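S.K.: Chains as they are written, first to last, in our numbering: chain A, 1 to 287; chain B, 288 to 581; chain C, 582 to 888.
If you are wondering where the hints come from, they were derived from the structure by calculation, not from laboratory data. Here the structure is a predicted model, which is why all the values come from computation and not from measurement. Even for Gly, the Cβ is constructed at its ideal location relative to N, Cα and C. A portion of the hints provided could be inaccurate.
[Said to hold, decoys possible] Here are the in silico distance ranges between beta carbons for each label pair:
| id | chain 1 | residue 1 | chain 2 | residue 2 | range |
| --- | --- | --- | --- | --- | --- |
| 1 | B | Q303 | C | A769 | 36 to 42 Å |
| 2 | B | L419 | A | R285 | 45 to 51 Å |
| 3 | C | R794 | B | S383 | 50 to 56 Å |
| 4 | C | E772 | A | A129 | 21 to 27 Å |
| 5 | A | L209 | B | M428 | 34 to 40 Å |
| 6 | A | R255 | C | R592 | 15 to 21 Å |
| 7 | B | M428 | C | R592 | 26 to 32 Å |
| 8 | A | V31 | C | A787 | 31 to 37 Å |
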Amino acid sequence: MRPEREPTVSNRRRISRGSAALNVYGASFLVFLYAPLVLIFVYSFNANPINMAIWSGFTLDWYRTLFGMQPAGAAFDAAFTENPDRIYQVVRNSLIVALSASAISTAIGTATALATARFQFFGKKLYQALLFLPMIMPDIVLGIALLIFFVGAGFKLSLLTIIIGHCTFLSCYVYVVVSARLASMDTALEKASADLGAGPFTTFRRITLPLIMPGVLGGFLLAFIISLDDVVITYFIAGVDTQTLPLFILAMLRRGIRPQINALAVLLIVFSFVVASAGLYFRSRRT
Amino acid sequence: MSAVPAHRRPFNTVFQNYALFPHMSVAGNVSYGLEIARVGGKERAERVMDALRLVSLGGLERRRPSQLSGGQQQRVALARALINRPRVLLLDEPLSALDRKLRQSTQIELKNLQHTVGITFLFVTHDQEEALTMSDRIAVMDRGRILQLGTPADIYDRPASRFVADFIGTSNILTGKLARGRRGNIVKVEGGTEIHLAEHGRANGDMVDVVLRPEHLSLEKTEKKFSGHLDATLENIVFVGSDLHLHARLKNGTPIIALHRHARGALSTSFTVGQAIKLHYAASAPHLMERAGA
Amino acid sequence: MSGPRTIERERTRALALLLTPITLLLGIFFLIPLGITIVYSVLEPGLYGGVVWSFYPYNYGRLFGWPLGAGEEFEPLYIQILLNSLKYALLTVIVSLALCYPVAFWVSRMSGMAKNLMLFAITLPFFANLLIRIYAWLLLMRPTGTINSALMSLGVLDKPLNMMFTEFAVIVGLVYVLIPFMFLPIYASVERLDWSLVQASQDLGATPFQTFRRIILPLTAPGILGGCVIVFIPALGNFIVPSFLGGSKVQLIGNVIERQFLQARNWPFGSTLSTVIMGSVMLIVLLYALGMRGSSSRAARKRADSV
């Protein structure tokens, strides 16, 4: 790997002290990243309904009431919990939106990546730059732009408008992921396939697609989570009766901090992390 | 052929980095062309076995390319191409990634393979020694154009131009005006040197390039018949085992390299830098070439 | 029969087929809405919300002081808020840069498994919901929150430290949310750093600080710049973080836009503000692109000279 020069004794001590300091710093950085999330995790089991910071016993009730099950502990006021049917409704909405948006975006993004990776055309550089634009623009600009557009065009704000809104920036995200994958692919393989008699579509089906599939899959999963977690854009283009999970959480937070939020938050984080991990794994996997 | 799309051309290629499909097994790779051509399963399986046996890879059908050595991968690439019975097999610098020993043994294997299969192998290489040893015919190319097409001997002894002469082996190239002499031609080089040669083929008064290979130049006048010599000053002596390379310079400053077969004792120790020497050659040795364009 | 022209035609058709979906999608649902926003910024706000289709540039007057008319008064408050937002974005960039830069080196020095694991660990929090990440800091920083409770129970404080609804809280929130964006480009640059150059510098007698300033810093500059741009822009337009952690004490441009659209129902003015942000973003991206092109062409020119 990297050839190291033989350090002198005092140099060595300085280097090892420097490395130790860096390690400590790195570790604290990780703590900084994860401590807040761990905190919510811990609080979600805290039986104290008034002050989360004071531990008054372990309970699973916050989770139970999320699913509409009866709490086991005493003194569980309905004022502390949300309507589980409502929760089910918003989760369902979120999943519909996320699945549709990520599926459509994956198809569109992959097609676009193939086009820019394997073809040359007039104005390609400018076109590629424009493809980055939806990801660079702040969410709020996109959100209100879509709001004005949908209202002005007479679209009723619904799950469909949310899906469309998500597709715009998710397609660009998938495009970036799949492009990277295509760039690292050996183009000689496609030439070899043509050399052996396969037409362009057959080559795509039997060679290109299988080789970029991890990237495509990874892009899909990550787009799914990004859609599921989207707050700002959805905030502007969701209809009154089409609330998604993040918007529901937003409303909950505005109504006042309650312990049940912790349970919901933990479930959402765990789900996001599981899917995102799978997505990241596929995205970086070599065939 | 460039008007025909790649997948419809009647020849196959062995790519420089082999381009084996990483997500298929060896058998999958080899049978790919047949699958595309919709050859039936049974015939396909038989032909795959034959192809693998041909390149001595029987038994490795199920392996993935990543599990094979470089030499094995190359053989898979060969099998994959040859199984389609192309009219011509194109090999794109197939030996450049191999080390010296492996390269030499593979050269022999490829020549044998070509004799067995019987089709034309079009072998692309930068290594001129490789080209000379392996080919029945050589095409020397520069920037996409063929400069000369001929047997290895043709290319070496009778290069058509300066580029070809420079490309294969070491050469001394002198430019001058052709004049008819009593017994053959004389090329008068600027600075007073004259080259006597028996070759015909250019008009009197033409500007020509003459090439003399180092091994044609000798310190002893052995040719009793039609011959010539060059007066030069010795600049450097390089000992390369069995031979001596003599680096000298003509009166007009042109560098000359002569190859002297090492005679035990005698001549080898009697040189000094700066010494004036005479380099003799037989008149049949120099070769006339097209004058390189302006 | 197939000649070069049919191949050309087939390829063009394939290309068109592949690019049509994204072109339609972005053309209709991205470019047009942005265009409409710009149009709205010069329309007249209706009395009870909505717009009146007449040319009304006075929203800009309200924001910048010119042009004025139709009863719109110059409200320098909005310029203040804009400048304030720029300040917050800049602070966020600086803090996250300072935090991420050493970590990039730390991770880069690791080998194989550990490195991949660490990259994964640093990227993962990005995929936790934005609201939840901010909520966590709310829990930490509020008067009855973790930090205060811990410090009070340890006896360090006798009354809670006021961290909420301060500039500090908003910066913490923005930094925490945007760290993955800063980390990845910097890390990419650091990974690509050729350590033999560092060793050459030391071999030639440079102190660690000199080596850092003259070798490491310039070579990782592209990654740093990229990270800054990718953090600055979302920080500028963010309204969730100031809304939750800043309350009414911290008003950033994002909050204002949100209010214009959902409460004040003055869509034209909101569009004006949004257009200003759009313009700023385009300007930043343009500067970045020019800067990058300048450095790469300078490098290419130097290479050409040395040949």
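S.K.: Looking back at the numbered hints, which does the structure fail to meet, lowest number first?
M.R.: 1, 3 and 6
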